[in-house]
Amino acid sequence: MKILVSVKRVVDFNVKVRVKPDGTGVDLGNVKMAMNPFCEIAVEEGVRLKEQGIADEVVVVSIGPKACQEQIRTAMALGADRGIQIETDQELDSLAVAKLLAKVVEEEQPGLVILGKQSIDSDNNQTGQMLGALTGMPQGTFASEVNLVEGKVEVTREVDGGLQTLSLNLPAIVTTDLRLNEPRYASLPNFMKAKRKPLDTKSPADFGVDISPRLKTLKVEPPAERQAGIIVGSVDELVEKLKNEAKVI
Amino acid sequence: MALDQETLKQFVDTVRRYVRERLIPLEDQVADEDQIPEEVINEMKDMGLFGISIPEEFGGLGLTMSEEVAIIQEMGYTSPVFRSMFGTNVGIGSQGIIMDGTSEQKAKYLPLMASGELIGSFALTEPDAGSDAGSVRTSARLDGDEYILNGTKRFITNAPRAGVFTVMARTGTREEGGRGVSAFLVDAGLPGITLGKPDKKMGQKGSHTCDVIFDNVRVPRAALIGGVEGQGFKTAMKVLDRGRLHISALSVGTAKRLIDESVLYSTERKQFGTEICNFQLVQAMLADSQTEYYAGKCMVEETARAYDAGEKVSLQAASCKLFCTEMVGRVADRAVQVHGGSGYISEYCVERFYRDVRLFRLYEGTSQIQQLVIAKQLIREASEQTA
Ligand SMILES: Cc1cc2nc3c(=O)[nH]c(=O)nc-3n(C[C@H](O)[C@H](O)[C@H](O)COP(=O)(O)OP(=O)(O)OC[C@H]3O[C@@H](n4cnc5c(N)ncnc54)[C@H](O)[C@@H]3O)c2cc1C
Numbered sequence: 001m002k003i004l005v006s007v008k009r010v011v012d013f014n015v016k017v018r019v020k021p022d023g024t025g026v027d028l029g030n031v032k033m034a035m036n037p038f039c040e041i042a043v044e045e046g047v048r049l050k051e052q053g054i055a056d057e058v059v060v061v062s063i064g065p066k067a068c069q070e071q072i073r074t075a076m077a078l079g080a081d082r083g084i085q086i087e088t089d090q091e092l093d094s095l096a097v098a099k100l101l102a103k104v105v106e107e108e109q110p111g112l113v114i115l116g117k118q119s120i121d122s123d124n125n126q127t128g129q130m131l132g133a134l135t136g137m138p139q140g141t142f143a144s145e146v147n148l149v150e151g152k153v154e155v156t157r158e159v160d161g162g163l164q165t166l167s168l169n170l171p172a173i174v175t176t177d178l179r180l181n182e183p184r185y186a187s188l189p190n191f192m193k194a195k196r197k198p199l200d201t202k203s204p205a206d207f208g209v210d211i212s213p214r215l216k217t218l219k220v221e222p223p224a225e226r227q228a229g230i231i232v233g234s235v236d237e238l239v240e241k242l243k244n245e246a247k248v249i
Numbered sequence: 001m002a003l004d005q006e007t008l009k010q011f012v013d014t015v016r017r018y019v020r021e022r023l024i025p026l027e028d029q030v031a032d033e034d035q036i037p038e039e040v041i042n043e044m045k046d047m048g049l050f051g052i053s054i055p056e057e058f059g060g061l062g063l064t065m066s067e068e069v070a071i072i073q074e075m076g077y078t079s080p081v082f083r084s085m086f087g088t089n090v091g092i093g094s095q096g097i098i099m100d101g102t103s104e105q106k107a108k109y110l111p112l113m114a115s116g117e118l119i120g121s122f123a124l125t126e127p128d129a130g131s132d133a134g135s136v137r138t139s140a141r142l143d144g145d146e147y148i149l150n151g152t153k154r155f156i157t158n159a160p161r162a163g164v165f166t167v168m169a170r171t172g173t174r175e176e177g178g179r180g181v182s183a184f185l186v187d188a189g190l191p192g193i194t195l196g197k198p199d200k201k202m203g204q205k206g207s208h209t210c211d212v213i214f215d216n217v218r219v220p221r222a223a224l225i226g227g228v229e230g231q232g233f234k235t236a237m238k239v240l241d242r243g244r245l246h247i248s249a250l251s252v253g254t255a256k257r258l259i260d261e262s263v264l265y266s267t268e269r270k271q272f273g274t275e276i277c278n279f280q281l282v283q284a285m286l287a288d289s290q291t292e293y294y295a296g297k298c299m300v301e302e303t304a305r306a307y308d309a310g311e312k313v314s315l316q317a318a319s320c321k322l323f324c325t326e327m328v329g330r331v332a333d334r335a336v337q338v339h340g341g342s343g344y345i346s347e348y349c350v351e352r353f354y355r356d357v358r359l360f361r362l363y364e365g366t367s368q369i370q371q372l373v374i375a376k377q378l379i380r381e382a383s384e385q386t387a
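Protein sequences, first through last, are from chains R and E.
Following the working numbering, the numbering of the first sequence begins with 1 at its first residue and continues without gaps.
Following the working numbering, the numbering of the second sequence begins with 1 at its first residue and continues without gaps.
Each hint should be verified, as a subset may be incorrect.
Stated by the list, open to error - The following residues of chain R were derived to be distant from chain E, with all beta-carbon distances above 12 Å:
(1) Q52
(2) R73
(3) D89
(4) S94
(5) P198
(6) K243
(7) V248
Unchecked claim - Derived DEER-like restraints, expressed as beta-carbon distance ranges:
(8) R/E221 - E/E21: 27 to 35 Å
(9) R/G53 - E/Q35: 33 to 41 Å
(10) E/L378 - R/D200: 25 to 33 Å
(11) E/D199 - R/E237: 50 to 58 Å
(12) R/G229 - E/G273: 46 to 54 Å
(13) R/K32 - E/V228: 49 to 57 Å
(14) R/F13 - E/N42: 21 to 29 Å
(15) R/G23 - E/Q35: 47 to 55 Å
(16) E/A295 - R/K247: 57 to 65 Å
(17) E/Q271 - R/E221: 33 to 41 Å
(18) E/Y344 - R/E237: 35 to 43 Å
(19) R/K66 - E/L195: 53 to 61 Å
(20) E/E275 - R/L238: 43 to 51 Å
(21) R/N30 - E/K238: 40 to 48 Å
No lab work stands behind these hints, which were simulated from the structure alone.
In this text, a Cβ means the ideal position worked out from N, Cα and C, and glycines have one as well.
Same shape as in the complex, but just chain R (with noise of 0.2 Å):
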C-alpha cells in the first residue's frame, strides 16, 4: 500500500510571532521556519506504518515556495521515500491546496492519505475535510490511534467528551491529533541519505487547478493583551464573581 502525506512549511512553533505594522499578515522576514508540527506527526504515522510492513511506500507532498523542499527533505530524512512539490508563491486557501491534493491522489492512487488535522499559522482545520469532499474518500479526523486491519482503517478521533472510533473503508483520510505519536529525531546519514531520494518539482498549472484566492485578508491584528488576573481569598468569593462579574455560570 502507498501512503500519500501532505506537509506545510509553517513559523517554527517556538517563535513568538509579530504582525506586520500595516496589519496586512504575519512578519516572516528573518523568521525560523519548519514543518507544521501536525504534519510531522503524519509523516511519522506513515513511516511507522512502513516499518510495520503494513506500507511499502511514503510518498510526501508540500505546496508552496521553493522553501518547502526542505521540509520534504526533512519528511524523506524521517523515513518517506519521495517527495513531490507543487511550487508556488502564491498565498493559498485551504480549498485551492485540497484541490491540488486531489489531483495527486488522482495521479497516485494511495491506500491512505495523512494530513495534520490543522496548520500552527492559520488553525484552520479544513484541508483534509476539503479532500474527502473532492475525492468521496472516507475522512476520520482528529486521530489518536490509527490502525489498518483486513483493508479498513480503524481510527480512534479525539472528540469533545471521549473517544470516538471509526472504521473506514480505504482508500481513506486521516487527519492527525497531537497524541497521535511523537515524532522521532531524523539522525545525520538519514539527512544525507534523504539528499539522494527523487523529489519532483510541478506547478499548479500542471495539474489545471485554478488556485486564485476565494477569500481575502482584510486585517491581521494581534490578540489583545492579557489583563493580569487576581487572586481570590475564597472558593465563594470565586463563584460569586464567576457569576456576577464574568457572568460564565
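Fit chain E with the ligand to the known structure of chain R by using the hints.
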C-alpha cells in the same frame, strides 16, 4: 567529509531541537538519579552521535572539525553528561585507532564504536601520573605472543560501561618517559580487569568515572595500537588538538545556556520596583559574559577551520582550551551572581552548571598545562627564528 550547508544546518537544527525538547527537561532527573535513561542513550545512538568523528567507511559520519564543533556547541547547551556518554567514542577512545591503528584494529573496533554498540574509554591517568602523563607506571611486558598488563588507572570516564579501553602502558624503561609508553586496545571483559567503586564527583552526576585495575591481564600482541611499541604517547598527543577543540566547543555551548538563563531570570526578577535587568551593574555581568562567550566561539570556529585546512593548530587549540574552559567558569560564576540566592539553590540549573563546568579546566590537560604548551611553543618558535 564536508557536508553541504543545508544538510549540516538540518542536522544542527535537529540536535538543537533534541537538546531543547528532550534533554533539557531530563536534566534534573539525570542529576538526581545519577543515571541517563537507557532510552536516551539509544536515541543518541540512532541519531549517529557516537560516530560523528569516525570515518564514513567505518560506519561513522566523518564530520570535519568545523562540523563537530557546531554539533558539540549545541550539545553544550544541556547538561554535559549527555555529551560525556558519547564523548569518549568521538574523542580519544576512537581517534587513536583512526590515526595510528592497524587496518585490523580499525575494522574490529570502529564500526562498533560508531554505532555506539561499543563504548570506548581512554585510560591514561594513574594515581601517581596526572599532568605528568609521560610518567605512567602501568606496565606491559611481552610474554610470547601476549603482553601482560599490570597497574591502576584513575578517574576513567565511562569505565563502568566501557567495552574496550585504550590503555597507556609502559613497554620501555622509566627513564624513557613518554617514549617508553605504548597504547593498547584492551577488551573490558578480559580476566584480571576489575573496576573500582564509582567516584563521588562534585558535579556531572549521571556520568561515571572509576579506577580500572589491571592485574596480570593478558592481551594479544595485536592489541598494540599501530603494532609498534613506544608510539602510544605520540598517538595521544596527536589526538589532543581535536580533543581540546571539542571541550572548547562544549564550554562555549554551556556558556550560551548560562547567559540565556541569566538574561531570562534578570527580566523576570524584580527588586526595588523594577526588573533587575534594568540595573546597569547586572547588565555589565550579562555583557561581559556575552562578550567572552563570543570571543570563545570565534576562537573555536576559526581554529576548527584551520584544522580542517590542514594547518598545524596545537598552539591555537591549547589557547582555545585555556580560554574557553576558564571563560565558562567565569560565566557560570556570574550566572549564579545574577540569580542571587536562588543561584545557590539547586532548583535553578545554574547551580548545577556551576559545579559541572568546573571539570573542564581539569581534564584533557589542566589550564596550567595549556599555559605550558602555549608558552613552550612561543619560546620554541622564537628560538627557531633567531637560530
Ligand atoms: C571527572 C574526571 C574524568 C576524567 N576522565 C579521564 C579519562 O577518561 N581518562 C584519563 O586518562 N583521565 C581522566 N581524568 C583525569 C584527568 O585528566 C586528570 O585529573 C588531569 O589530567 C589532572 O591530573 P591530576 O588529577 O593528577 O592533577 P595533577 O597533575 O596532580 O595537578 C595538580 C595541580 O598541579 C598543577 N600542575 C601539575 N603539573 C604542573 C606543571 N608542570 N606546571 C604547573 N602546574 C602544574 C595542575 O595544573 C593542577 O593545578 C579525569 C578526571 C576527572 C576529574
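Here is how each hint holds up against the structure:
1. Q52: Holds: least Cβ distance 18 Å, greater than 12 Å.
2. R73: Violated, since 7 Å does not exceed 12 Å.
3. D89: holds (20 Å)
4. S94: Non-interface label on R/S94 holds, nearest chain E Cβ at 28 Å vs cutoff 12 Å.
5. P198: holds (17 Å)
6. K243: Label holds. Min Cβ-Cβ 34 Å, cutoff 12 Å.
7. V248: holds (30 Å)
8. R/E221 - E/E21: 27 to 35 Å: holds (30 Å)
9. R/G53 - E/Q35: 33 to 41 Å: holds (35 Å)
10. E/L378 - R/D200: 25 to 33 Å: Cβ of E/L378 to Cβ of R/D200: about 59 Å, so the range 25 to 33 Å is violated.
11. E/D199 - R/E237: 50 to 58 Å: holds (56 Å)
12. R/G229 - E/G273: 46 to 54 Å: Given range 46 to 54 Å: violated, Cβ gap about 21 Å.
13. R/K32 - E/V228: 49 to 57 Å: Since R/K32 and E/V228 have Cβ atoms about 51 Å apart, the given range 49 to 57 Å holds.
14. R/F13 - E/N42: 21 to 29 Å: Taking Cβ atoms as reference, R/F13 and E/N42 lie about 26 Å apart, which means the hint holds.
15. R/G23 - E/Q35: 47 to 55 Å: At 53 Å between Cβs, range holds.
16. E/A295 - R/K247: 57 to 65 Å: holds (59 Å)
17. E/Q271 - R/E221: 33 to 41 Å: holds (35 Å)
18. E/Y344 - R/E237: 35 to 43 Å: holds (38 Å)
19. R/K66 - E/L195: 53 to 61 Å: Taking Cβ atoms as reference, R/K66 and E/L195 lie about 56 Å apart, which means the hint holds.
20. E/E275 - R/L238: 43 to 51 Å: Since the Cβ atoms of E/E275 and R/L238 sit about 30 Å apart, the hinted range of 43 to 51 Å is violated.
21. R/N30 - E/K238: 40 to 48 Å: The hinted range 40 to 48 Å holds for R/N30 and E/K238, with Cβ atoms some 42 Å apart.
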